[in-house]
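Quick one: dock chain against chain with the hints and give me the complex.
Listed here are the chains, written in short residue letters.
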Amino acid sequence: MPRLFASLSTSQRVGAGLLALLVLFAVLEGLLGRTDPALQNLAQRFATPSLAEPLGTDPFGRSMLARMGAALRLSLSLSLVCVLTSALIGVALGIAAGWRQGWVDRALSFVLNVVLALPGLVLILLVAGLAPGSLLALYVAISLVLWVEYFRVVRAITRQAVASQPMQASRMLGFGWRYCLRRHVWPALVGPVATLAAFGAAGSIMALAALGFVAVGLRPPTAELGLMMVELFPYYSDAPWVLAQPVLAVFLLVLGLNLLAGKRA
Amino acid sequence: MTILLRIEALSVQADGKTLLEPLSLNLAAGECLTILGETGAGKSLLMHAIMGTLPPPLTASGRILLGDTDLASLERSARERLWGQQLAMLPQEPWHSLDPLMPALQQVAEVHECVHGQAPEQAQQTATQALTGVGLEAAAARLPGQLSGGMAQRLAFCAATAAGAPILLADEPTKGLDASRRDQVATLLRQHAQQGALLTITHDVEVARQLGGTLLVMRAGHLLESGDAQAILAAPQHDYTRALIAADPRHWPAPLVAAVTGAPASEPVLEARGLRLKRGGRQLFEGLDLRIEPGEILGIAGDSGCGKSSLGDLLLGLLPADAGVVTRRPGVAAHRYLKLYQDPPAAFAAGVPLRRLFDDVLRLHRLDPAKLPPLLERLRLRPELLARPATEVSGGELQRLAIARALLLDPLLLFADEPVSRLDPITAREVTELLVQSARERGCALLLVSHDAEALARACDRHIRLG
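Top line first, the protein sequences correspond to chains H and F.
Each residue of the first sequence is one higher than the one before, starting from 1 at the first, in UniProt numbering.
Each residue of the second sequence is one higher than the one before, starting from 1 at the first, in UniProt numbering.
Same shape as in the complex, but just chain F (with noise of 0.2 Å):
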């Protein structure tokens, strides 16, 4: 077996503190490397590192080696012509690294083109080889605005390998994804590392399992377990990796946490009939009927830009549809059909500490303060997290904050927009299970949207599926 890149006591740092500390690690022709944990685990660290795209602040000491050169000690300059031809990155969000303004073939095209020095006819048609590969045949006239997660991840999977490099190096290739997709990525993950050899970070169990391989567990900068994907996954040796596997949807209890019984049939709070929207040119979904009932936990499923999100909104009435009606249950105050964003800052005016907006919120509806509290308590919030401005409180707080918010209202319906994608799992699992419990006490109809049917399937009622 020959190792195609080794890594020798890497490790980043930043003003003096270390972010990731040393590690030693060896990618082997033919291997599957995984790297498992959460956000702000040092993962995407590791990666810029060997990539060479660490921003400013952030500095790497250690040896990389790729064959017999050190990375480290090369210039910017002849880092990047590595890249594409030895060493290729698949980044996080596809669409950020794909040209908004190209279609689909001509991203993979000009690979060969420009790379390869290909005449354009020639590369044309190793483009659509390679889209046909991946199952992309139809779609290579489209831009990437038109494709949906699953497609624009393959597509920028194809963009990527197309200059041939041995070593793929992939930053959360399956993040957004619902379960299908997240296979296909994975399927198509491993393939690629039968010819070469391929570096995964992910926050994914699932993942994990399925690229198999050698499995490194990262938390806070510093390695907790290594070895054996499928060992480790068996028998975690780490408290904090039975954690993530627990946090996994997969995983989590059925149901997640136990229906209300005997609610009384009662008038629903939302009724919408026929409702057709169109995107960019894209009918994202037409004649599409929906009632919630009281209480109602009802999950809405499907990957990123399927039109999810475009939905709730336009169940709220913050986006015009293209046909339909949606009805509210007369008679009840706006304020209290509410929504929760994916990104939990999103919720809250910056630059202000958090307790005046609460105290703003508590003055408009003149709220009884005493109510706050109680509430913080039932979400495992610290008080004292008030007095910070929303961007010092961690996103698992934030979310939870922001939930405590609406529920101050006393809602009907809240509309929460993938409330945890943005948080690691384990806080995920505990944010979920908080709010789908909250709703519950308080008879709250609750519209969760996520790509993660798993997790649908356990904390809600019901659920559909867009796209």
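The following block holds chain H by itself, in its conformation from the complex (with noise of 0.2 Å):
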């Protein structure tokens, strides 16, 4: 771990670090809050931070604080979840597809080119109208986009690696196929599906914050980031510091991804 820290580049440092810190403040107020980010109290409404409420309160009085939490967590472990399967399925099926070519290839890059033709947040925008408010409806829209950027990246890499000398002579000597894909096709790999990760999640990210914001993705009163910023938007002008939340929330964990998934210097 310290050996791939040191591996980074400054600015994919500071990405971690945000990141980190982003992760950080979603546990600790998931572990130390105590308030439900439902909970309302009209009484309370646009508190200004204060001591007992470090974020303020929204217009129906809940505490920012534990809402940012909650949405936090959400949209962490939604991206993860995401790029977690289709890193999976698309690496999987690239690997299939650029090592036996012939009709796997054919197939799977048939697949390829039908998802390919609708634009990604058309086809999540699909799926949600589908069954409007699941969070499983989401989830499955989402990786089947993310998917395709890896099939894609995976397939031509391992076609490369496949085709290189130093496989050929793994495989003449002998070595069956678990070896060449540890040896030869898997080092080529990393790096790569790493940074498509990174970039996959700040996309997750963006792809449930819009579907938040366009009412089509999760139903009030959950704390979404996209949502919250819909419900925020009409009191920009009464209590901007509450607005500005949820969109730093988001300009953060996507600036932090993108640096994190940055090219290495």
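By construction, these hints were calculated from the structure, which means they are not laboratory data.
Mixed in with the good hints there might be a few duds.
One-sided and incomplete, this derived list gives chain H residues near chain F with beta-carbon spacing under 10 Å [what the hints assert, rightly or not]:
1) R159
2) V162
3) S164
4) Q165
5) R171
6) Y179
The calculated label-pair distances, taken between Cβ atoms and stated as ranges, are [what the hints assert, rightly or not]:
7) F:V325 x H:A163: 21 to 31 Å
8) H:P187 x F:E93: 26 to 36 Å
9) F:R273 x H:A163: 27 to 37 Å
10) F:E271 x H:G174: 15 to 25 Å
Simulated pairs of lysine to any residue, SDA-like, Cα-Cα distance not exceeding 25 Å [what the hints assert, rightly or not]:
11) F:K371 x H:S164
12) F:K278 x H:S164
13) F:K371 x F:L434
14) F:K175 x F:R465
Yeah, the Cβ is synthetic: ideal placement off N, Cα and C, and Gly gets one too.
Below, the structure written as structure tokens:
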């Protein structure tokens, strides 16, 4: 782990640091916070930040600290699950298509082209529209869009690695496919897949927030960043600091992930 | 005699390290100047420093006088304007400098058109004359990929000199060419020198001999000796020059390694009948029959692009043949037919210590790990090398490690695809010798591919020629 950190560039370290802070906030708030994010207290509308309410309250007097913590936990865990699922599917199918080529490759590439025919967000909107307010539907839709990138990149790299001389040498020495996968294909894949995973996580956070914002995503009173933005938007002149919180959170999450994905200097 | 190019105390540094020690030389009109030395001697750096094409971490200091102008003090754009008109460079691999999608004639014609402002028809005519002059008139319509190594180098020569530069810098112009094509290129270069001046870099002693003129012998960035080429080659003063001359295949003992006599005749390890292969619309060979006896050292000669490597891959079943059959000896494990690569790192997975790769092989075939140390010793390899990944081992050592790994599996047939062409001559001789010796000791048949017929004639029992 320290070696991994040492191999990162400065901007990647900044990105990792940002993410670590956000995760830390989300986790600590979950462990220590005692307030229910949905608990209303209309006497406390738009309370300014104080010792009791460090982030203030929203128009229903709900604790912004609790709501931000819950929203971050939701965004982070959904993006993690989406990235894991899509990477698993994309990498597995990409290796299969790049390695076997022939009809396996043609069949998978056909599916890929079908998925690519629709813009990603439209596809997500479509699935989300079928089952409004369902987190499961969002998860399936986002993963369905994200695996495509892994597939394309992994397929191309695998093709190259399989045709390479080092792998030819290993095959001639009698090594089987498992060994070749581990020694020749996997080392070539790790870097690009990690980069894609960081971009994919940023993409799924944006997608979730975008759906919340256009009100086809999760339903109130769920604390979700996009939903919070649209709820707080009418009060931008009365309580700008409240609206700024979910906006800033999405910005920092996406910035952190993009910095982390950035090319090594 | 007018001095065309004068170099004063030119040196090349990178990150505070001197890669090329201060060197001064004069290139007079009509003169041939040859720099002889192994890879990494700083020869190419000198050439790039003169052209002004050193890649960023490298910097040159000293003066490069072309007439009265000091090139080192000029802007990059001003130096670029001299390219082709004053200074021309013939780069190492002709394929890398030619446009792969443009017919041969057009590559030369476009220089006349763009630099001399000739009308297209006139440019075509001038170019045709130039191609005829080097014997390429029949290849005018071909793409570079369809040319042999010698033809591509002659085409590159035409294109490089078309703009009329008096000074030609040739960087390893005969790399990968067999003896006859090498001589053709050397003749071309000598002719050019009579009209201008020539600075050649080579590791081929024979090219240096043919070009004549002044010879500089370099090693690891500094000059060892200089003087008249014939005099130095006849009576070298420096040990290194002597070793370099002895490493020239023409000076190898014949045979390089004595054959083991009285090998009992048995079943061939491999038999091929009626092989045919077409590549890029060109017939490489047809109706080729081949029989490889156990323990035989068989050479395949021919210059780059003639299908030597493809033939080997075909025999090992790595490439499908257009026609014909290859039969191996029945009942023998597939991993006893192995290949050695031209580029030593190609045989090893990157980023892993070599020891792990060797352990993988030992474990896979349940071999006794005690077999490895004597084998390494036989190939004059230090066991400590195994702690490093392939990228941190020199080419010569890595190629010997590849040989060691292959020999672990007790191969029946080893196909060595130009195993020493990326190594400097002294190492090349050592590796060839060790390879042939080890093959002989183990009764392993060796299929040795090379562009150097001289080397094959001395190293092999028999050899065939392609192309």
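Open item on the list: Next pair to validate is K371 (chain F) with S164 (chain H); report whether the Cα-Cα distance is within 25 Å.
Closed with: violated, 29 Å
Task: Restraint status (C-alpha distance of K278 (chain F) to S164 (chain H) at most 25 Å) - done: Answer holds: K278 (chain F) to S164 (chain H) is near 22 Å, not above 25 Å.
Task: Outcome of range test on Cβ distance (V325 (chain F), A163 (chain H); 21 to 31 Å) - done: holds, 25 Å
Task: chain F contact restraint on R171 (chain H) - CB to CB distance below 10 Å - done: Since chain F brings a Cβ to about 9 Å from R171 (chain H), closer than 10 Å, the hint holds.
Task: R273 (chain F) paired with A163 (chain H), Cβ distance criterion 27 to 37 Å - done: holds, 28 Å
TODO: Could you see if the CB distance from E271 (chain F) to G174 (chain H) stays within 15 to 25 Å?
DONE: holds, 23 Å
Task: Pair hint K371 (chain F) and L434 (chain F), alpha-carbon separation not exceeding 25 Å - done: holds, 18 Å
- [ ] Have a go at the R159 (chain H) hint: is there a Cβ in chain F nearer than 10 Å to its own Cβ?
- [x] Hint violated; R159 (chain H) Cβ to chain F Cβ min 17 Å, cut 10 Å.
Task: 25 Å limit on alpha-carbon distance, applied to hinted pair K175 (chain F) and R465 (chain F) - done: Holds: K175 (chain F) and R465 (chain F) sit about 18 Å apart, inside 25 Å.
Open item on the list: The hint names V162 (chain H) as touching chain F; please verify it with the least Cβ-Cβ distance against 10 Å.
Closed with: Cβ of V162 (chain H) sits 13 Å from chain F, so the hint is violated.
Task: Supplied distance hint 26 to 36 Å, evaluated on CB atoms of P187 (chain H) and E93 (chain F) - done: holds, 28 Å
Task: Closest C-beta approach of Y179 (chain H) to chain F relative to 10 Å, hint status - done: Given a least distance of 7 Å, the restraint on Y179 (chain H) holds.
The structure is inconsistent with the numbered hints 1, 2, 11, although it conforms to all the rest.
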